[in-house]
Amino acid sequence: MSLFQIFRRKTELKEELEAHLKMATSDRVARGESPTEARQSALREFGNVPLIADVTRERWGWLRLERLTQDLRFAARQLRRSPAFALTAIFVLALGIAACVAIFAFVDAALIKPLPYQAPKQLVMLFESIPLGPRFHLSYPDYLDWKHENKVFTSLDVFAPYGFMMNTPDGLRQTDGARVSAGFFRALGVAPILGRDFYDGEDRPEAPRTALLSFAAWQKRYGGNPKILGQTLILDGDPYTVIGVLPRDFNFAPAEPADFWALMKPNTCRGCHGLFGVARLRHGVTFAAAFPDITTIAKNLEKQYPDSNRDQAAYMLPLTEVIVGDIQPILLVALSGAGLLMLIAAINVSSLLLVRAESLRRETAIRGALGASRGRLVAQFVTEGLLLAAIGCSLGIVLAQQGMHLLTQLIPKDMRASMPFLVGLGLSARVIAFAFMLAVMAAALFAFIPLGRFRATEIRESLLEGGRASAGTTWRKFGSNLVVIELATAMVLLAGAGLLAKGLYRLLHTDIGMVPDHIAMVHVQAQDEKYGKPEQQVNLVREILHRVSALPGVKSAGITTKLPIEDADWTTDFVYVGRPNDGVHREVAIRFVTAGYLTTLKTQLLGGRYFRDDEDAAEPFVVVINHAMARQYFPGEDPVGKQIALDVDTKHPMSIVGVIDDIQEGQLDAAPRGAMYLPLYQHPSDGFVVLARTAQDESSLIPSLTSTIRSVDSAMALYEPMTMAQKIHDAPETYLHRSSAWLVGGFAIIALFLGVVGLYGIVSYSVGQRTREIGVRMALGAQRGSIYLMILSESGRLIAIGVAMGLVAAVTAASLMRKLLFGVHAWDATTLIAVGLLLAAASLLASFLPARRAASMNPTEALRAE
Amino acid sequence: MPAKNTYQNRIDLLQGTLDMLILKTLQWGEQHGYGISHAIRTTSGEALQVETGSLYPALHRLERQRWMTAEWKQSDSNQRAKFYKITKLGKQQLSSDYERWGKMVATIEQIMTAE
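From first to last, the protein sequence lines stand for chains A and B.
The numbers in the first sequence follow my numbering, run straight up by one, and end at 866.
The numbers in the second sequence follow my numbering, run straight up by one, and end at 1115.
Some hints here could point you the wrong way.
Taking lysine-lysine and the DSBU-like style, the derived pairs with C-alpha atoms no more than 35 Å apart in a straight line are [said to hold, decoys possible]:
1) A/K265 x A/K727
2) A/K10 x B/K1082
3) B/K1103 x A/K10
4) A/K651 x A/K727
5) A/K651 x B/K1088
6) A/K642 x A/K303
7) A/K303 x A/K651
8) A/K22 x B/K1085
9) A/K562 x B/K1085
10) A/K562 x A/K299
11) A/K502 x A/K530
12) A/K10 x B/K1085
13) A/K14 x B/K1085
14) B/K1073 x A/K220
15) A/K555 x A/K642
16) A/K227 x A/K303
17) A/K530 x A/K413
18) A/K14 x B/K1073
19) B/K1073 x A/K10
20) B/K1073 x A/K22
21) A/K602 x A/K477
22) A/K22 x B/K1103
23) A/K477 x A/K533
24) A/K502 x A/K533
25) A/K22 x B/K1091
26) B/K1082 x B/K1024
27) B/K1088 x A/K10
28) B/K1088 x A/K14
29) B/K1085 x A/K651
30) A/K10 x A/K121
31) B/K1103 x A/K14
32) B/K1024 x A/K14
33) A/K265 x A/K303
No lab work stands behind these hints: they were computed from the structure.
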């Protein structure tokens, strides 16, 4: 039954009763009564018209609905009558819900929504662990042995993210891609939407080369044209036939971003590591049961091939953990933060409602006395709570959507590419359901808090008291408890934010062994056909360095094969020259650099010297090692002058000429690891990174840097131009620390504000309630100072309890997020004390205002006050 | 005052009998609320005065039970009024009500006349 029909039937009933009255009146007039008299007697005979209408309407059976609309209208009117209260409550609630919903959307996209593969829980990722760490690459022969000897997987495939160099009309261009074994997509349970998958054996060396396109690349590069099937691409100088397009929702984070998926050709180099494994657990085999099986295989391989496989153990992780493992802790911390904020928001609105229920006491009592049933009064409060929750929730969802958008924009581009699961981020059904659940919980809370205020007897009492509530003490106690919880929660958030911020500061100011400001850089990949020979590569590098150094503003320039602050890939083992081979595996990172690289980074030379620019293949081989390698492999001796070699037969010995302080080669928060730097001129390459230190703003150098390098040969691929500061800023671990610090910090500031406002409200209310008491005290001779003291000591007690409870909870919470605290203890005293003082000071200020009001009261007026 | 007199002479209706009386009244033709109460009063020789507070809820209930339908029409005195009309279902209800009423009267009579 629609509201309109209800309305129509209501007017109809009114008309019907009116017709009755008119006919009764005219009958009486016909009998000789005067019209006025007749009307009055007819009315008297008829009885209470509205009551009869009400009773009649009850027969329709939709009175409940009608009452609800009536209550809603009443609630809306009540809220309109006190817009400040309504707006505050709605805004605070919307803020809490928005924070929760936005963060939950991320949690949903990353942690709840299953990965877009068949039975993703059965998928694991395989690594080889080496002394440097557990998540390193497999070699192709190892992969084949693992694949054939394991008894726990239904399939085992490999992949490797790979930047293809694609021939385009403009020359060579770097493109993102990946190389996989033939069964890779079948293992994931993913089939192309267009064309076909790789077939088994298509990765034979003699088979023609083929490639699959990602859906995005198909759309972006080929406008979604289905005729792309069968066309030929030139990648890395080889022709590839496009055989298919992958589904739109397919993504594989460990290899993303990837536009082209090609097959990797087999090789027999057991020491060449560059692959990751993906395997599907056999039905009924658990993760814990599979791990030992693959470990045993790796152990046997180690015995079988001691040269190449020494210390190469198997390592495995659930695929889900690999994909979302990094973002999981920050999401959980952010969700907890948002939850706490929501708690504060809900408590805040609840105390507002309490104060309001108190101020409506008299009105409620009058309505009760006039015959409104208790149920009806309660229903009206419940409706008001529902209405508040509904409006707050709707607004919260709108805000959350904006917030999600903003938060995604704040993720660095490269990082977003490695989190493809965030593409589907938005108001999914689950997120809406979550928002709805929050709204229902809030509504229940808001509805039931004022209910506690209603006891049948109270109605009479309130009237008798004339609305001056001495019964306010119970509720004041309840309100105080709420404020204590609020302050404690704010304390937890503030402490969390403080610790995270300190951790972020520590991380950004950790010693990375170089001076990262004023450095611009760009990746270069030269064409194989033109620069295939070592001399050609050396000449190219010299020419580029020559031109870049001549650029105005460039103070120095250098070249490396791999930038610092990335993963710790590109490692090698080495042997001592002139000592018997003890068979111990010694693995360190290896970088090929020009002499200018180390000086451009302003590394610290601890001993010996840097390379000279003229040390090329004609000169004796030299190497510079870092402090960690010196300490680990040359303990108690001076490594300078010692010789090492990369080959076991030590045919190419290298002299250690210098030791530098550790450059952070791995991620910012990783421990320093051994690394060696070899002259690029002795080991040339056609792909490298050019760095230039400038006196001016480094980002303004990037255009001239790239155009200068392009002027050497415009067909070379130049990619990922950036500054070192940007690299540090955009590094995943910086992002994780920064975003968690900012998110929790933002929540903490809101929480501080809400907590302080909540306290202000409670103290003001309490002062308002005690106006007469204060008047009496002052009339009896109390000094203003003692009034201050009375009010401030009351709130001081609340603040002390709140801060103390918050401290305990904060340390507990902080130890749960240890992972995100870089170089900071959960019980970091300076942070905790500073945060506690901040909260206490802000809270005292909030209670000072009402205290001043109380102390400056005129006792005569206060006594006269109601 | 006539109103007062009728009030004093009023007979309290047994539960459920009002429905039967309304349906019976409508058997003589469609009628509006005032007409029904008037008819009951005159037919009972002014002994039964149906209270409007009972009449209108009953009318709306009977309409909802589809024992009668309603239609807005002009009355004889040119007054627009809601006229109720008994339905087939209402006629069946009336006869079963009347039958039950008869049994009840007989039963009560039996008790009252018992020695």
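> Against which earlier hints does the structure fall short, listed by number upward?
Replying inline: Hints 3, 4, 5, 9, 11, 14, 16, 21, 22, 23, 24, 29, 30, 31 contradicted; others consistent.
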